[in-house]
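Trainee: In this note's numbering, each residue's number is its place in the sequence shown (first place is 1) plus 315.
Rather than coming from a laboratory, the hints here were simulated on the basis of the structure. Keep in mind that the hints are not guaranteed to be accurate.
Straight-line Cα separation of at most 30 Å, DSBU-like style, residue types lysine-lysine; simulated pairs [to be verified]:
#1 370 to 462
#2 371 to 338
#3 347 to 446
#4 563 to 518
#5 563 to 371
#6 446 to 337
#7 526 to 498
#8 532 to 446
#9 518 to 462
#10 370 to 347
#11 337 to 370
#12 446 to 370
#13 337 to 563
#14 532 to 518
#15 462 to 498
#16 462 to 432
#17 563 to 526
#18 462 to 347
#19 371 to 462
#20 432 to 532
#21 532 to 563
#22 338 to 446
#23 370 to 563
#24 518 to 347
#25 371 to 446
#26 498 to 370
#27 337 to 347
Taking CB as the label site, the calculated pair distances span [unchecked claim]:
#28 346 to 461: 15 to 23 Å
#29 365 to 466: 28 to 36 Å
#30 551 to 349: 20 to 28 Å
Even for Gly, the Cβ is constructed at its ideal location relative to N, Cα and C.
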Amino acid sequence: MSTEPQISTSIVIYNEDPLLLKKRLNVVFDAKLNLHIYLIDNSPYPTADYFNFHKKLTYIFNGANLGYGRGHNLILHEITSDYHLVLNPDVDFDPNILTDLVGQLQNDEHIGVITPKVYYPDGSLQYLCRKHPSFLDLANRLLTFSKSRTMNSEYRNLDLGNETFNPEFVHGCFMLFRTQIFKNLNGFDESFFLYLEDADICKRVWESGFKIQYHPKVSIVHQHRRASKKNIFLFFTHIRSSFRYFFKWGF
C-alpha cells in the first residue's frame with residue numbers, strides 16, 4: 316500500500332471546451348502522484364464521453380447547473396484523501412507543485428488551506444490574495460472607483476512575488492485543503508450559487524482555528540475570465556452573492 320499522501324481534486328465545469336479540458340487533465344494524469352480527479356459537469360449535455368474511462372477520474376454529469384459550491388460538495392462524503400484540491404478548469408500548472416504544497420501542510424498542522432502564486436497567461440501577476448471583503452471593497456471591485464482601496468484589499472504592499480504569508484482569503488481557482496477540514500466545514504455554503512463562496516469558506520477556515528497560507532515558491536497560470544464584467548446575468552449573480560455574504564457575516 317502506498318504511503319504517499321492521497322490527493323483528491325474536484326473540478327466543476329459548465330460548457331467547457333472538451334479538447335482543451337482533456338489536454339489540461341492529461342498533464343495531471345501523467346504526473347506520478349497518488350491523485351484522483353472528480354470532474355463535475357453542470358452542463359446541459361455531457362461534455363465528452365471519454366471522461367468516463369480514465370482510472371484516475373470520476374466523471375459526474377448533473378444535466379443542470381447546480382452552482383459552483385454545490386457542484387464541489389457532491390463528492391464531499393465520498394472523498395477519503397489526505398488533501399483535497401478545489402480547482403478551476405481554466406488553470407494550467409505543473410502537478411508536481413502539489414508535492415511542495417503538501418509538504419508545507421505537513422510541516423505546519425495549523426495551515427488549513429494553501430494556495431500558490433498565480434500568473435495571467437501573459438506572465439503578469441494576479442492579485443488573488445484578499446482581505447475579508449467589506450461592502451465598499453466589493454462595490455469597488457464591481458464598479459472600480461478607487462484604485463487605492465483595491466490595492467489595499469489585495470495586499471499589494473507586500474512582495475507577493477516572493478513573500479509567504481497568511482491572507483484572510485484567497486481566490487477559489489486553486490485551494491488545497493486538508494480534506495478533513497473541508498469535510499468538517501461541510502464544504503462550500505451552497506446558498507452561494509456563484510461568487511463569494513471562496514471568501515465565505517476562507518472566513519470559516521479562520522473561525523475554525525486554522526490559517527490560510529499563500530506560498531509563492533510555486534505557481535500556476537489562471538485564465539481568470541472575469542465573466543461577471545462581461546455577462547449581465549453573471550454581474551447580477553455577483554451582486555446577489557455579495558448581499559448574501561454581508562447578510563451572513565454583517566455589513
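Trainee: Evaluate each hint against the coordinates.
Mentor: Hint check results:
1. 370 to 462: violated, 47 Å
2. 371 to 338: holds, 15 Å
3. 347 to 446: Violated: residue 347 and residue 446 sit about 35 Å apart, past 30 Å.
4. 563 to 518: holds, 11 Å
5. 563 to 371: Measuring from Cα to Cα gives roughly 38 Å; hence the hint is violated.
6. 446 to 337: Violated, at roughly 34 Å.
7. 526 to 498: holds, 16 Å
8. 532 to 446: holds, 21 Å
9. 518 to 462: holds, 24 Å
10. 370 to 347: Given that 30 Å is the threshold and the Cα spacing comes to 14 Å, the pair holds.
11. 337 to 370: holds, 14 Å
12. 446 to 370: Distance of about 39 Å is beyond 30 Å: violated.
13. 337 to 563: violated, 38 Å
14. 532 to 518: Holds, at about 24 Å.
15. 462 to 498: Violated: residue 462 and residue 498 sit about 37 Å apart, past 30 Å.
16. 462 to 432: With a Cα-Cα distance of about 22 Å, the restraint between residue 462 and residue 432 holds, given a limit of 30 Å.
17. 563 to 526: The given pair, whose Cα atoms are some 21 Å apart, holds under the 30 Å limit.
18. 462 to 347: Violated, because 43 Å separates the two Cα atoms, which is more than 30 Å.
19. 371 to 462: Violated - the C-alpha atoms of residue 462 and residue 371 are around 44 Å apart, more than 30 Å.
20. 432 to 532: holds, 7 Å
21. 532 to 563: violated, 35 Å
22. 338 to 446: Distance of about 34 Å is beyond 30 Å: violated.
23. 370 to 563: violated, 40 Å
24. 518 to 347: violated, 33 Å
25. 371 to 446: Distance ~36 Å between residue 371 and residue 446 Cα, so the pair is violated.
26. 498 to 370: holds, 24 Å
27. 337 to 347: With Cα atoms ~18 Å apart, residue 337 and residue 347 stay inside 30 Å; holds.
28. 346 to 461: 15 to 23 Å: Given range 15 to 23 Å: violated, Cβ gap about 42 Å.
29. 365 to 466: 28 to 36 Å: Given a distance of about 44 Å, which is not inside 28 to 36 Å, the answer is violated.
30. 551 to 349: 20 to 28 Å: violated, 42 Å
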